[in-house]
Amino acid sequence: MKKRSARQVAAEKRYDLKRKHQPRLPAARLNEEENHLATQVFQLFNGSKKEALLEGLRLLFISMTGSKPKK
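Letter by letter, the sequence shown follows residues 1 to 71 in the working numbering.
Fair warning: there could be bad hints in the mix.
As the list claims (entries may be wrong) - Computed list of lysine-lysine pairs in BS3-like fashion (alpha-carbon distance at most 30 Å, straight line):
(1) K3 with K13
(2) K49 with K13
(3) K49 with K70
(4) K18 with K70
(5) K49 with K68
(6) K70 with K13
(7) K20 with K3
(8) K20 with K70
Keep in mind the hints are simulated off the structure, nothing from the lab.
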């Protein structure tokens with residue numbers, strides 16, 4: 001792995017500090033089968049992974065509770 005310069009490290013710290021108050025989802029590594037499925041779903045949402053993920057969570061919530069999530 002290439003060692004990052006001091007400037008790069010400082011820039012990453014500024015970036016993280018600027019965005020640390022924003023909520024986020026953790027990343028996960030996918031195997032080939034999971035990646036293929038994810039790609040197919042993302043294509044239904046014009047390639048938007050964020051839209052596909054959030055819509056999937058909304059549909060899961062509805063199927064588990066029988067009601068729409070509160071905004």
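We went through each hint and held it up to the structure:
Between K3 and K13 the CA atoms are separated by roughly 16 Å; this keeps the pair inside 30 Å, and the hint holds. For the suggested pair K49 and K13, the alpha carbons sit about 26 Å apart, so the restraint of at most 30 Å is met. For the given pair, K49 sits about 22 Å from K70 by alpha-carbon distance, which is consistent with the 30 Å threshold. Between K18 and K70 the CA atoms are separated by roughly 28 Å; this keeps the pair inside 30 Å, and the hint holds.
For the given pair, K49 sits about 21 Å from K68 by alpha-carbon distance, which is consistent with the 30 Å threshold. Only pairs whose Cα atoms come within 30 Å are accepted, and K70 paired with K13 is rejected, the gap being roughly 34 Å. With a CA separation close to 24 Å, the supplied pair K20 and K3 stays within the 30 Å bound. Restraint check: the Cα-Cα separation between K20 and K70 comes to about 24 Å, which is no more than 30 Å; the hinted pair holds.
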